[in-house]
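Residues per chain are reported as follows:
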Amino acid sequence: MLSKMKTTAAAAAVASAFAVPASAELTGDLTIFLDTSNPAPRATMEAMIARFGEKHPDLNIETTVIDREAYKTQIRNFLTANAPDVATWYAANRMRPYVEAGLFEDVSDLYAEPAIAEGLASTKGALTIDGKQWGVAYTYYQWGVYYRKDIFDELGLSEPTNWEEEKANCGKIVASGRACYTIGTKYLWTAGGWFDYLNMRTNGFDFHMDLAAGKVSWEDERVKQTFMNWKELIDMGGFIADHQTYSWQEALPFMVNGEAASYLMGNFAVAPLREAGLTDDQLDFYQFPVINPDVELSEDAPTDTFHIPANAKNKEAAREFLRFATSPEEQTIINNGKNLGQLPVNAASSVDDDKFLQQGFKMLSTNSTGGVAQFWDRDAPAEMAKVSMEGFQEFMVKPDQLDKILAKLERARGRIYK
Amino acid sequence: MTVSSDIPETESWFHRNQQRIAPWLFLAPGILFFAVYVIAPVFQSFNLSLYEWDGLGEKTYVGMRNYEDLYWEYVDRDAFFTSLKNNVLWLFLYLLAIPAGLFIALFLNQTVRGIRIYKSLFFFPFVISQVVVGLVFTWFYDPTFGLLNTMLAWVGLGPINVLGNENLVTYGIVAAGLWPQTAYCMILYLTGLNAVDPEQIEAGRLDGAKGWSMLWNIILPQLRPATFIAFVVTIIGALRSFDLISIMTQGGPFGSSRVLAYYMFEVALSEYGFRMGYGAAIAVVLFLIMLCFITYFLWSMYREEKGH
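Protein chains in written order, with the numbering used here: chain U, 313 to 730; chain D, 10 to 317.
Chain D on its own, in the form it takes in the complex:
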């Protein structure tokens, strides 16, 4: 008889707090890895950017010198300026993937025979590796036998060397990047469109909405979560653009298609690069740019959660 009344008192601290501890226990491995592999390297990079180090010998503390050098490169319109300028171009042009993906999704969101095949064909570029995308577009742009120049010749336009022209090269690479990115946004919108409430469309139709006003007032507001995710992945994709540049031009011709991520690699880790501190300084600049967007994303997600 006394036994049953004793049970709550002998219950361990763990049992009493199980509800609160459990989530932390499940999160612990993730938090640990995130801290070791993401958070700590951020601070290490900050630290490293204050040193001059070739990766082999002794590190020398140089204070803000690496950042000063970056500033002068900016003033002289040197490599850092080009990289920064190209990053901005990437950011804006890459966003075209969102409307393009939306319109392809709207176009494919119908029930005709074999629509699944069309959908998978449109999704295909996202599945193949960026390296393959880069190679395909390099051959497409090739000044002598590329498809682009063959097609231009049909309409009587002269050959252009997209990847060899310092004014066109970034646009050429962004176009290659848009191909898979549009497919990604399309998939996001296709899933979003499945969740659109048919009753609201019906109601809208009764109120006389159609075409653009239907899209703008009824469909798009319901696609807001999909738009948000598409925006996030596109911005991040633009800032970390690296593989296409490495495959298609190696930053050339004469360094005019570099972006910050590629420049950092070139300076610190490539065949001719030994300046770890300088690379870290570029990484820090890139991180600060990303931080603006990350903060905005986190803030709007937080606001959303509060609203519910």
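Excised from the complex, chain U in its bound form:
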């Protein structure tokens, strides 16, 4: 431990020695590949890059924005063939294949700099593989239950804090002719969010991570308990019908029309719900309730990241860009309500006044002591994520098939983790 501290300190000294001349004058080309293809994030990113360009007038910056879905397959090609200097990606296991293939640059030196070491401490773990850091986070957002406050008021319900209350609430909502939760599982990952929460609340963060890492059998009794809790909600008619045909966006109208009372989702669902006409009086947020009081609360907070490809040409400028993008000022700007509308990663930046961001920030900084997960399809290896989320979807449609589904997942586990 002591020797590790020493090397960190030494690295910090070296890095800061280099950092001063580096930031003085940057020249040459800097190519940036972005997957922020939706209009608002795209504008945010382009404005931030423009501000970076103003500070470094001699640097010729080229930005390429690639469609978010297409990016996921293209990154495999451009990292090897035609690497940019900076590329966006995701934290945790999602970056592992590229780290292991030696395609991402080790940026541990950045984390040795005092400003970054202090500012980015909260996301450091998500960007660490084999004791080294492979990129920096630039935004993250909370998950939780977004609900129709007016419906809760009408039925005399309050925000649940434990599983019994959650089920009691749901019973009353179903009795009023509505579904408790809207969800669209056509693209599978939404079911992964439910599994994340149910399993983390039932068995705790460490167990959840062990399961994602393939260390626990899917036929374990504890895993079955998670599904049994899930089954209670399914059997009482908690979820909307035909969810397997909808995307997450197509599931929004059920909540807007009042046919469903709540939605377990990431904070990005707030914008379309507001656009559809729900006011902040009608829409509110609560943390997923406690199921097993013996485990600490842990949350999903997916993190979006910047990386320097190993084959980048202008790594000096790229490092400076990473410093810039994670600086407190830029973090405050790009994550505010007018831009990304998410949470800043730098501890020294301030969170927007938006009530959902404030609640989310408070939840993640004070009430998520068990740990912060990335999301099932970022924490588990891609192949296992795919097979298991298909299993979750099948389970939500045919809960009686649980044993068959778990046996299939256990077979997949035997094949995938070697």
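Some hints here could point you the wrong way.
Stated by the list, open to error - SDA-like, lysine to any residue: derived pairs with alpha carbons at most 25 Å apart: (1) K479/U <-> K384/U; (2) K536/U <-> Y60/D; (3) K710/U <-> T153/D; (4) K730/U <-> D63/D; (5) K730/U <-> E175/D; (6) K716/U <-> Q259/D; (7) K68/D <-> K536/U; (8) K627/U <-> L371/U; (9) K384/U <-> L278/D; (10) K730/U <-> Y281/D; (11) K384/U <-> F274/D; (12) K710/U <-> L278/D; (13) K527/U <-> D87/D; (14) K710/U <-> Q259/D; (15) K730/U <-> L100/D; (16) K536/U <-> S265/D; (17) K68/D <-> R723/U; (18) K625/U <-> L65/D.
Unchecked claim - From chain U, some residues computed to sit far from chain D (all C-beta separations above 12 Å): (19) E337; (20) G340; (21) E366; (22) I463; (23) E466; (24) D547; (25) G589; (26) D606; (27) E641; (28) Q671; (29) K674; (30) A694; (31) G703.
Honestly, the hints are just simulated from the structure, not real lab data.
Note that this is a predicted model, so its numbers are computed, not measured.
Every residue, glycine too, gets a C-beta built ideally from N, C-alpha and C.
Using the hints provided, position chain D relative to the given structure of chain U.
Using the frame of chain U, we list chain D on its own:
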């Protein structure tokens, strides 16, 4: 005087063999591209299917392991079994496009005012992109506001979620695929019908043929070339079905509408797929299935040519 007698002797090798070389020269670009982009990748796929490779790191030779895994997936009724089963369903159901196209063609093969408009209306689905066809049918099947369920409600039938039901989903997608494919077959038959010999029809009529027997004995034999082409394009269309599945269900619900082509994509190239070798093995299986049909088509074309 001597000059003229010298000419045939000074004629170059190229000039003497021009007749035989010319076709090869014209074919050369095509052959080259076919070899580089079609033939070579076939062998590369065979080779790749013997490796385990994530597309980034080192390839590891695993022999026939990928095929063994496929076999076990078949035995366990897992994804590969579903894909194979759906491919068979596609093959048979897609063939319905041929009789359907024939009957629409017969129906449209008359001279009334504005027949060209009707013909183009029937041909329309083939012109629009498969992506659009997929979207149109997805909305048509939508369990809450789709036209299908609205119409079923008129006759008092309950709502059905075609694309969300693992037993119905493949039929739903095939029905969407039949829409443009029928139009394609119809066009093939319409052109075929133009070439039908009116004298033979006249002769048949004198011999008392009409209705079904006229169609079966006089018209259909003359439409054999059109039928053959319709058969070829439909079989190939069924085996390469991919876009509709990708648009309408992404292989879901829980993987029950996968076919081999889509499964290969999912395993090797999609967001969650990194198993190039395994994808190649699926591609090889698909290729072998196609090869049966291709061999049959080539053989019957060869036989036809010999007959002439």
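Against the structure, the hints:
1. Among the hinted pairs, K479/U with K384/U is inconsistent with the structure: their alpha-carbon atoms are about 38 Å apart, more than 25 Å.
2. Taken as a hint, the K536/U and Y60/D pair is broken in the structure, with Cα atoms around 36 Å apart against an allowance of 25 Å.
3. A C-alpha spacing of about 20 Å is found between K710/U and T153/D, which places the hinted pair at or below 25 Å, so the restraint holds.
4. Restraint check: the Cα-Cα separation between K730/U and D63/D comes to about 14 Å, which is no more than 25 Å; the hinted pair holds.
5. Only pairs whose Cα atoms come within 25 Å are accepted, and K730/U paired with E175/D is rejected, the gap being roughly 32 Å.
6. Restraint check for K716/U and Q259/D: the C-alpha separation of about 22 Å stays at or below 25 Å, so the hint holds.
7. At most 25 Å may separate the alpha-carbon atoms for a hinted pair to count; K68/D and K536/U exceed this at roughly 37 Å.
8. Under the criterion of a C-alpha separation no larger than 25 Å, the hint pairing K627/U with L371/U is consistent with the structure, at around 13 Å.
9. Simply put, K384/U and L278/D have alpha-carbon atoms about 10 Å apart, close enough for the 25 Å limit, and the pair holds.
10. Among the hinted pairs, K730/U with Y281/D is consistent with the structure: their alpha-carbon atoms are about 18 Å apart, no more than 25 Å.
11. A threshold of 25 Å between alpha carbons decides the hint, and for K384/U with F274/D the separation of about 14 Å falls inside it, so the pair holds.
12. About 29 Å separates the Cα atoms of K710/U and L278/D, which puts this hinted pair outside 25 Å; it is violated.
13. Taken as a hint, the K527/U and D87/D pair is honoured in the structure, with Cα atoms around 23 Å apart against an allowance of 25 Å.
14. With a C-alpha separation of about 19 Å, the suggested pair K710/U and Q259/D falls inside the 25 Å cut-off, and the hint holds.
15. A threshold of 25 Å between alpha carbons decides the hint, and for K730/U with L100/D the separation of about 38 Å lies outside it, so the pair is violated.
16. Distance hint between K536/U and S265/D is fulfilled; the C-alpha atoms sit about 24 Å from each other, no more than 25 Å.
17. Of the supplied pair hints, the one linking K68/D and R723/U holds, its CA atoms being roughly 24 Å apart against a limit of 25 Å.
18. Distance hint between K625/U and L65/D is fulfilled; the C-alpha atoms sit about 20 Å from each other, no more than 25 Å.
19. Listed as outside the interface, E337/U is consistent with that label: its C-beta sits roughly 35 Å from the nearest C-beta of chain D, beyond the 12 Å cut-off.
20. Listed as a non-interface residue, G340/U keeps its Cβ farther than 12 Å from every Cβ of chain D; the least gap is roughly 27 Å.
21. Non-interface call for E366/U relative to chain D: holds, since the shortest CB-CB distance, roughly 36 Å, exceeds 12 Å.
22. Look at I463/U: its CB is around 19 Å from the nearest CB on chain D, clear of 12 Å, so calling it non-interface holds up.
23. Against the 12 Å criterion, E466/U stays outside the reach of chain D, whose nearest CB is about 23 Å from its own CB.
24. The Cβ of D547/U lies farther than 12 Å from every Cβ of chain D, with a closest approach of about 19 Å, so its non-interface assignment holds.
25. With 12 Å as the threshold on Cβ separation, the claim that G589/U sits away from chain D holds: the shortest Cβ distance comes to roughly 18 Å.
26. Every Cβ of chain D is farther than 12 Å from the Cβ of D606/U; the closest lies at roughly 33 Å, confirming the non-interface assignment.
27. No Cβ of chain D approaches the Cβ of E641/U within 12 Å, the least distance being about 34 Å, so the stated non-interface status holds.
28. Separation of Q671/U from chain D is adequate, the least Cβ-Cβ distance of about 31 Å exceeding the 12 Å criterion.
29. Every CB of chain D lies more than 12 Å from the CB of K674/U, the least distance being 33 Å, so the non-interface label holds.
30. Distance check for A694/U against chain D: the nearest CB is about 4 Å away, which does not clear 12 Å, and the non-interface claim fails.
31. Non-interface status of G703/U relative to chain D is broken: a Cβ of that chain comes within 12 Å, the nearest being about 7 Å off.
Hint violations for this structure: numbers 1, 2, 5, 7, 12, 15, 30, 31, all remaining hints satisfied.
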